[in-house]
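*Asks:* The whole structure should be built from the sequences, with the hints applied where relevant.
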Amino acid sequence: MTTTSPTPLLDIRGVQHSYGEVVALRDVSLSIADREFFALLGPSGCGKTTLLRSIAGFETPRQGTILLDGQDLTALPAHRRPVNMMFQSYALFPHMSVEKNVAYGLEAEGVGKAEIRRRVGETLEIVGLAAFAQRRPAKLSGGQRQRVALARAIIKRPRVLLLDEPLSALDRKVRAEMQLELKRMQHEAGMTFVVVTHDQEEAMSMADRVAVLNRGGIEQLDTPVGLYSRPATRFVASFIGSANLLDGSATGGPAGGASSVDVPGVAVFPATHSFAERESVTLVARPEDVHIVAPDAAPLQGVVVDTFFLGGSSTVSVEVAGLAKPISCTVHAANVATRGERVGLRFDAARVVVVANPVEAPAPAAAA
Amino acid sequence: MRSSRLIRIPFWFTYVFLYLPILVVVIMSFNSSANLFVWKGFSLEWYPTVFANEAVMTGLRNTLIVAASVMVLATLLGTLMAVGIHRYTRGGLVRAFAIAPALLPDLLLAVGLLSLFSLLTVTLGLHSVIIAHVTFAMAFVTAIVLARLASLDPSLEEASRDLGAGAFRTFMRVTLPQLAPGMVAGGLLAFTLSLDEFVIAFFTTAPTTPTLPIAIYSMVRFGVTPEINALATMLLFVSVLAVIGAQRLTRVTDAL
Amino acid sequence: MATQSPTPGVVPRGARRGWAALPFLTPGTLVLALFVAVPLLLVTSYAFFERGRFGGVVYTFTLDNFVRLADPLYLNVIATSIGTALIVTVLAVALGYPTALVIVRLPPKWRTIALIAVLLPFWTNFLIRTYAWILLLNNAGWINQGLQAVGIIDEPLKMLYTQPAVIIGLLYMYLPLMVLPLYSSLSSQDAQLTEAATNLGSNPFRVFRTITLPLSVPGLLTGCVFVFVPAMSNFVIPELLGGGKTVLIGNLIRDQFLKARDWPFGAALALVLTILLIALIFAQQSASRRVIEGPRERKVKRDA
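Chains as they are written, first to last, in the numbering used here: chain A, 257 to 624; chain B, 249 to 504; chain C, 8 to 311.
You can trust all of the hints, since none of them are fake.
Keeping only pairs whose Cα atoms sit at most 20 Å apart, straight-line, the calculated SDA-like set for lysine to any residue is:
no., chain 1, residue 1, chain 2, residue 2
1, A, K356, C, P221
2, C, K116, B, R496
3, A, K356, A, K369
4, A, K356, C, T201
5, A, K395, C, D197
6, B, K288, B, V274
7, A, K395, C, Q196
8, A, K439, A, R291
9, A, K429, A, R440
10, A, K356, C, Q196
11, C, K116, A, E277
12, A, K356, A, I382
13, C, K252, B, S466
14, A, K356, C, E300
15, C, K252, B, V468
16, C, K252, B, G471
17, C, K266, B, T369
18, A, K356, C, D197
19, C, K266, C, Y81
20, C, K266, C, G59
21, C, K116, B, G493
22, A, K395, C, E300
23, C, K252, C, D262
24, A, K439, A, A425
Keep in mind that the hints were calculated from the coordinates and are not lab data.
*Replies:* Here it is in structure tokens:
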């Protein structure tokens with residue numbers, strides 16, 4: 257796996273965990289740098305929450321170590337770990353005021369009263385809730401509760417702040433706002449954020465780097481741009497953004513010189529890859545990498561079945577004989593194609609990506 | 249759990265405390281000696297004597313009459329009440345009024361009913377016990393059926409009405425079948441409550457018509473005998489069966 | 008009497024449906040009105056009348072019954088009742104709280120079994136359960152035999168027919184009523200709250216003190232009322248285990264109605280019991296509300 261951080265703050269090595277028969281994490285290793293905004297992304301049940309809870313100390317992994325600044329966290333009970341967490345449901349203490357909630361962590365540490373008062377005031381100021389200090393959580397809106405949860409988690413200036421699906425309980429508009437705010441706050445406080453999310457948009461827009469998890473293992477660890485433009489596996493390609501996936505076999509591998517992907521019954525697509533001849537692969541083409549051209553100017557033809565106008569651009573669905581799903585392509589001009597029209601499709605050979613498409617897909621023996 | 253080793257002491261103490269007396273009674277019911285405090289040897293001799301005891305058998309007969317009547321009446325009244333409350337009321341007032349007898353100290357209800365029956369010069373007997381038991385048993389049925397109603401899908405009734413069924417037909421064909429598990433559970437509860445009830449029965453029955461708890465009360469008051477152990481063991485057995493049955497039943501209702 | 012559609016504050020969802028409610032609500036309401044509301048009002052009114060020479064009630068207004076209550080003899084009974092019920096409640100908390108806490112933390116399968124095991128004695132005949140303690144506490148009983156066998160005591164301890172025996176009996180009877188509300192309150196607590204507290208640096212004891220315990224106060228208070236109320240009005244256990252030496256208010260009421268046939272005085276005692284219980288329930292409600300809503304909200308409400 258790619259690890260670009262020079263001095264890792266959080267170093268996760270070979271962590272494995274299972275609940276009875278169910279494997280939750282299979283040999284996960286990754287490093288997170290100081291002041292990084294790191295996202296663990298994946299569908300539900302992929303193990304991302306287990307990993308987060310293992311860092312916080314609510315799960316004890318069967319194997320592996322979790323090092324923070326070189327110190328092994330797994331040896332510490334949860335309440336001694338210098339990491340704080342923002343819970344998915346916020347877990348605000350319903351019987352305490354906002355102020356008391358935020359002060360809770362400092363009181364546990366035995367900080368002096370005056371100091372607590374000062375820091376709580378400061379932190380509430382940061383999250384913009386100074387006016388609500390005396391309220392109970394039940395009397396706050398969703399967005400306000402989220403800010404209290406955040407304030408409570410950052411007041412101890414933890415080395416690492418863990419955020420479990422921080423925005424999932426918010427409605428669309430507040431979510432966009434909080435997304436920006438989290439990013440700003442992470443920047444200003446100079447803290448390391450590890451956020452767990454199933455929402456790829458959220459991860460892509462906020463994080464510096466994203467680890468995509470699937471079935472308890474890391475599929476790919478990269479920057480958002482890297483994940484989008486250079487997906488390493490079929491899963492990542494389909495999970496991140498929208499993509500046309502064409503299953504076929506590799507032809508003209510590294511030895512053969514000119515390489516391409518043969519999608520049987522459809523066409524042979526030129527693409528750079530390093531797979532052996534006949535290996536089963538998937539061609540990944542983002543909608544913006546597929547261009548609509550005149551029918552006779554391309555190797556691939558199809559019929560327009562639908563167009564979706566999206567403001568600045570449109571997405572055109574083109575049905576191609578031999579393919580189960582229509583190909584989507586993004587066009588930037590209006591009226592490029594109309595329904596029922598026969599068009600040609602040209603794939604941008606320089607930008608399409610070829611990934612492995614292991615035949616024994618459902619059996620996950622992906623430990624490496 | 250890490251820190252809970254210490255609190256396991258009271259935890260285990262609770263269970264020993266709850267079961268030690270029961271255990272002693274059950275063991276001594278098989279004692280061949282008439283001495284209640286010395287184990288002589290295994291024997292079943294006390295069991296037949298229970299059935300030969302006239303006071304116990306009269307009490308049992310009376311209790312069964314009362315409990316069966318209470319079960320039928322309380323289920324009927326409680327179910328109607330619950331449906332009425334669920335459909336036609338919003339505030340909690342009627343609900344509180346209907347459930348209050350379940351929480352009322354039995355002694356207060358007992359002296360109240362005794363006063364009423366005496367004022368109306370009602371002759372005391374099994375009928376007065378039945379009336380008295382229905383008041384609180386009905387409250388339990390109402391509470392259980394209300395809980396069941398709250399978990400039902402209201403759109404089913406609406407769909408039935410929408411399809412042209414009248415209110416009565418809808419109630420009989422749609423509402424009632426869905427309430428059945430709640431009603432059965434409530435009825436069973438009413439039966440067991442009435443079966444075990446002592447204080448109210450003590451105040452509202454005539455000396456000529458003692459219920460089983462009253463018969464046991466006089467037996468215990470006038471000295472302990474081995475046959476009480478046998479009777480107690482049998483009653484325990486019935487209670488355990490009833491609780492296991494009710495637990496199964498509520499599991500079924502949960503699954504529905 | 009309340010036969011009208013039944014209580015004010017009840018708004019039928021439609022005027023036409025108001026009539027439809029009658030066949031459902033009338034029978035039950037009639038039964039409750041006639042056999043619960045009327046009897047309670049009747050007893051309350053008796054407290055203000057004179058007793059007849061041969062029992063019964065003479066309908067002449069008087070406050071004598073309440074004056075009699077001031078007799079040290081009766082004040083003592085009331086004090087003993089409150090004291091006994093209080094001790095029973097405290098012991099029930101001491102045993103019931105840890106028990107509920109352990110049950111909540113058990114794996115789901117064992118949790119159900121442990122809960123049923125707490126409930127099971129409660130479903131067995133209460134006279135039988137009281138009787139069992141006679142076997143245990145008797146001078147020749149099993150506890151004395153055990154203690155003598157181990158050599159802790161030489162002479163049998165007198166346990167039966169003492170106040171501790173009454174307390175044990177009452178505790179035995181009502182302990183499940185403490186465990187249940189505590190269990191339901193503890194099990195409905197969001198597990199993430201204790202995790203959050205731990206995450207913020209609280210050790211297990213502090214988590215319990217600052218989160219688990221305060222949030223379980225409503226359940227705890229409910230349990231206290233569930234135990235205190237019947238413990239105070241029970242008259243069978245003081246008689247069977249206390250040998251009639253420990254007289255509680257329940258015994259007194261029973262005697263006035265069934266033995267002395269002084270119903271007005273019995274009614275006055277019942278009224279005292281009722282008032283005590285109502286006060287207790289109000290105190291419990293407002294204390295629970297304070298935990299849930301906080302002091303500030305109450306102030307706002309008072310202004311409104």
